[in-house]
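What follows is each chain in one-letter form.
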Amino acid sequence: MFSKILIANRGEIAVRILRACRTLGVEAVVAYSEADRESLAVQQADEAICIGPADAKRSYLSAPAVISAAIVSGCDAIHPGYGFLSEDEGFAEVVGAHGLTFIGPPPQVLERFASKEATRHLLGGEGLATIPGSNGMIRDDLHGLEEAERIGYPVLIKPSAGGGGKGMRMVRTPRELEAALKICRSEARAAFGDDSLYLEKWLEDNRHVEVQVAVDRFGHGVHLGERDCSVQRRHQKFLEEAPTPALGEAARNELAERAIKAVVAAGYENVGTLEFLVDPAGNAYFIEINCRIQVEHPITEMLTGIDLVTTQIRIAAGEPLGFSQADVTLRGHALEFRINAEDTEHDFRPSTGTVERYLVPGGPGVRMDSHLFTGYEVPPFYDSLLGKLIVWGPDRPTAIARSRVALDELVVEGLVTNVAIHQALLVNDIFLAGEMTTNLVDRVGSAAFLAAAAR
Amino acid sequence: MFSKILIANRGEIAVRILRACRTLGVEAVVAYSEADRESLAVQQADEAICIGPADAKRSYLSAPAVISAAIVSGCDAIHPGYGFLSEDEGFAEVVGAHGLTFIGPPPQVLERFASKEATRHLLGGEGLATIPGSNGMIRDDLHGLEEAERIGYPVLIKPSAGGGGKGMRMVRTPRELEAALKICRSEARAAFGDDSLYLEKWLEDNRHVEVQVAVDRFGHGVHLGERDCSVQRRHQKFLEEAPTPALGEAARNELAERAIKAVVAAGYENVGTLEFLVDPAGNAYFIEINCRIQVEHPITEMLTGIDLVTTQIRIAAGEPLGFSQADVTLRGHALEFRINAEDTEHDFRPSTGTVERYLVPGGPGVRMDSHLFTGYEVPPFYDSLLGKLIVWGPDRPTAIARSRVALDELVVEGLVTNVAIHQALLVNDIFLAGEMTTNLVDRVGSAAFLAAAAR
Amino acid sequence: MPDRDDAARLADHAQIEGLADDLLPALIAKLGATGLAELEVREGDWRVRLRRSADGTTSGARTTPGRAARSAGGHADHAHQQPAPEPAVDPYRAAATSPGVGISHSRPEISSGSRVRAGDRIASVDVLGIPQEVVAPVNGIVGAGLVESGDAVEYGQELVWIELISTAAERSGRDA
Amino acid sequence: MPDRDDAARLADHAQIEGLADDLLPALIAKLGATGLAELEVREGDWRVRLRRSADGTTSGARTTPGRAARSAGGHADHAHQQPAPEPAVDPYRAAATSPGVGISHSRPEISSGSRVRAGDRIASVDVLGIPQEVVAPVNGIVGAGLVESGDAVEYGQELVWIELISTAAERSGRDA
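Residue numbers (this note's numbering), protein chains in the order written: chain V, 35 to 489; chain P, 35 to 489; chain L, 28 to 203; chain D, 28 to 203.
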């Protein structure tokens, strides 16, 4: 085990990692930016070190600052949390070059899974279905029509050189395809200087389901079930739950088993998450892998009783997993509500301020992972996550009933939060039926979604 | 189900019951004394009603005030919590006479189990071992010597008319017995006007183990495992854990199964707890039954995932239990630390004051049941319980490691708390080995116990 | 701590004196007239705050109106509410409060305008069939009832105003 | 809320004016001279509080000493600690702070007594092998070093005092 770990992150995850280190009996140093000097993690830490100014590029995103801080404070490992440097394979490599351990997959594993395209190919080869698409680039209109026919409409035209949704177009008929190919080609040429296009099946009412895995250095891996992250607003998750209401128990097990088999075969190591799109027929298509601890990891902890952060640290330290798939049992149902400093009445614009009064919800099955405290001044420099309310129940209806109580109990005065959208969700018929897809909110828009709940 | 429940209690349990009512979708009214006007339960309640002045005799202990409050606020049931009126069969009867439901065993069941002596006889007849004692009263010295010989030394001489340990004397030899009988007889005559004495086996290094049961109106009962409450100071529990480290799994199951079988046969109804003394050989002797929800109920909730307070309410409302013994599975290990406003440096004298700063511990497996908030002024009129820190882990060592972290995280400024004795416990070798008996602290005294930990 | 230099001190004094001369009278007039709890004025780096002490002007628990009659509102809103500032004691009258939780009953011989003395029984509250007496807290004239006979009331709830003898005449003149 | 009567208002005014005339000047003098943050005076039901604004008189982050060198104390104790009040800026000197987290190195040509100008490079901090310059924040004379060459330092940590030119002579005279 490590002797001392540098926590190179902030907010609730810094607090979470600090707890994990202490549970393991490992010393920890919290690396913080000037803006986080009064943060809860810094207050709770035995040791804390300022690594730079508020600007994340010069602090939490600065590999030299983070690594130098680890060295001068006598750490032998760095926990990057999520976001920031957590999936930067270059960073992981430099960490290793300085004789320190990156807590996450080893650099060569990160590198292997760095490209989404290559990872899809790799894991596709290990038996995971990926979203059907054209065989390579579209040569001409006829080829496009043939490939679309084979894939099945609707299809998505994607520029090879694009990214982040730019230049994409969805078509439902051959006629639409012919027209759109011309436009996309010229747009792609203009935007990226490269007019190659390919096709992908368009999954309309899809759900976002992800499988949590943990694999040790000895190739021994387990899955810890899946999570449903379909509830999103503009592609940002804001509620996660497990198990997914989208699939029956047999289908869930099968998906999770295929996932763990594939990543072990592909040489993955440490904790990670495989993301899938699930279509209305229940087909799951692999999209990408997240090589880090995720924001929503606590719902898996509630179901399995397994601490994912200490597991992550132990694996990085070279320890064997210490348990097998048969030891992993899932109990009940859990939901995680991301509590953000967002003004739901003004298009979710970020809010900032000082926490004047803070009451943490409690009771059976209720867990609040947060860095808030009365008097805390939320700095305006980082993301809007104030904490995560995690609620467990023996079944989904009980978990939902408890969630309503817990959301009502939560008091954060001095800041505007997004609690209203969670409360709206908990009276939404589609959500209550467990039939939500990723466009649940965006289909009608947040304002209409909130207004419908108020009626 | 009830339409509206009066919560006739205060502090953390009032908050706990309020959460249970809300989870069930039942309206609740918090009954409070003038001293609790600013309490968390009153703040959180939809409705609250002042039932009397600070003096509990005129508020929380006043049956007319509580029942009148229930009637005028339109409640159809009363939850008494623990303490106060919770085991008062006279109160339960009057509640019933006014057409309201007492949430707990029905009055006739409470009456059947009201006398400790009668209950021991009743459940002894249903197969529970009780502490060996003389057959009735000691007629003369010779009879006393014969009975002591049969029971086995050491024995305890108990006056029939006494109570609460008054006039009791422990003897180890026949010679000591002869001398003590004379003294006890004259003392008993002087103190109670009745010199009848009886003998009971003295259990020296005993442990306190209790079994949680739940029985519905239809005689369908389950046990929910046991709890170990051996850690006490002057006969006051301050830490509870489950499962008990005193017994192996087979012995634990056997004890719990005997307990549920006996109480179902004896006609018990609703949730309840059977208390046992366990001797070093692992023999469990039934002492008494608690016909209410207990302070330490959350550790059972952590292990089973079953909400005991909603279960209690549902049974009182006449609902079937809805699950069977096979559905009850115990997972991991849980500890409960009672956080009291007590000054460990001054013989645990109660402290009072205003909460200046309050930070709630968190993370996986951590639950804080408390009525504290920043700015809360602890009234001096009631008991010193500020809350309960409950910590779960997949095994005892992990639960203990997490407990250390959680106790360190807990911040209650403005009051003196007993956290030091918990921290002392968590470095005590006997406790860590799971070998604590009820005299763990008192054998050396609290001061020496605390000092030993500081070394 | 090093001494502050003279120039800085003078500047401070000028600011504070500006506050004292120009703003304080207006501040005092406003606070005195409205009964506001607190006022604060800033000038430069300085601020002056005037606050009415709560002691002696409010009586605490007795001034909070009964909750028994209040129907359940949204509890989320309620939980977020700050406790309302306690109203000042009225120098003209005092309330008789409920001795228990139950149903209030008026006494036929007592009505608005009745003259009562401190300790007189002016109403009762029925607690599970046992009447508990509501007594006048001061000498005065029975004024407005705050509850109807038959209403549910909680312990300590204000039930009826007793107008103080010395001011009752003056006020009734105004009211007429 | 009912109107307050004139007598009550007059009494209030008298109290407040008493405060303003008698106490305020003393209050102002005291606060101005000592640099205390806040003073409060009560009279009867009223109190007046003067408070110095924190803005402009303390510089925030730079005044908190570095934590990197601090060894791990009991974290429970630490968690209970209130943040220390921030010290006021020293008018005689200013600290040069670390531009990064790493190992501090002195420059051979700079030592105690060296005369420097704002912006002069007076030391460096080695961040993963890349030296980052520590610059003098003001014109002055290099004074006491707060760290040794080779010490681990964190970002923003005060490394060395620069004595202000105008006061350096006066103070060195006093120190001699």
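Simulated from the structure, these hints should not be mistaken for lab results.
Where hints are given, some of them may not hold.
FRET-style restraints, in silico, Cβ to Cβ [stated by the list, open to error]:
id	chain 1	residue 1	chain 2	residue 2	range
1	V	Ala486	P	Thr386	45 to 51 Å
2	P	Glu379	V	Asp417	43 to 49 Å
3	V	His380	D	Arg144	19 to 25 Å
4	P	Ala486	V	Glu72	33 to 39 Å
5	P	Glu469	V	Pro314	54 to 60 Å
6	V	Thr363	P	Ala485	39 to 45 Å
7	P	Thr386	L	Val162	29 to 35 Å
8	V	Asp417	P	Gln359	34 to 40 Å
9	P	His132	L	Ser176	54 to 60 Å
10	P	Gln359	V	His254	32 to 38 Å
None of the values given here were measured: they were computed from a predicted structure.
Idealized CB from N, CA, C, for every residue including glycine.
Hint check results:
| no. | hint | result |
| --- | --- | --- |
| 1 | V/Ala486 / P/Thr386: 45 to 51 Å | holds (49 Å) |
| 2 | P/Glu379 / V/Asp417: 43 to 49 Å | holds (44 Å) |
| 3 | V/His380 / D/Arg144: 19 to 25 Å | violated (49 Å) |
| 4 | P/Ala486 / V/Glu72: 33 to 39 Å | holds (37 Å) |
| 5 | P/Glu469 / V/Pro314: 54 to 60 Å | holds (58 Å) |
| 6 | V/Thr363 / P/Ala485: 39 to 45 Å | holds (44 Å) |
| 7 | P/Thr386 / L/Val162: 29 to 35 Å | holds (32 Å) |
| 8 | V/Asp417 / P/Gln359: 34 to 40 Å | violated (47 Å) |
| 9 | P/His132 / L/Ser176: 54 to 60 Å | violated (22 Å) |
| 10 | P/Gln359 / V/His254: 32 to 38 Å | holds (35 Å) |
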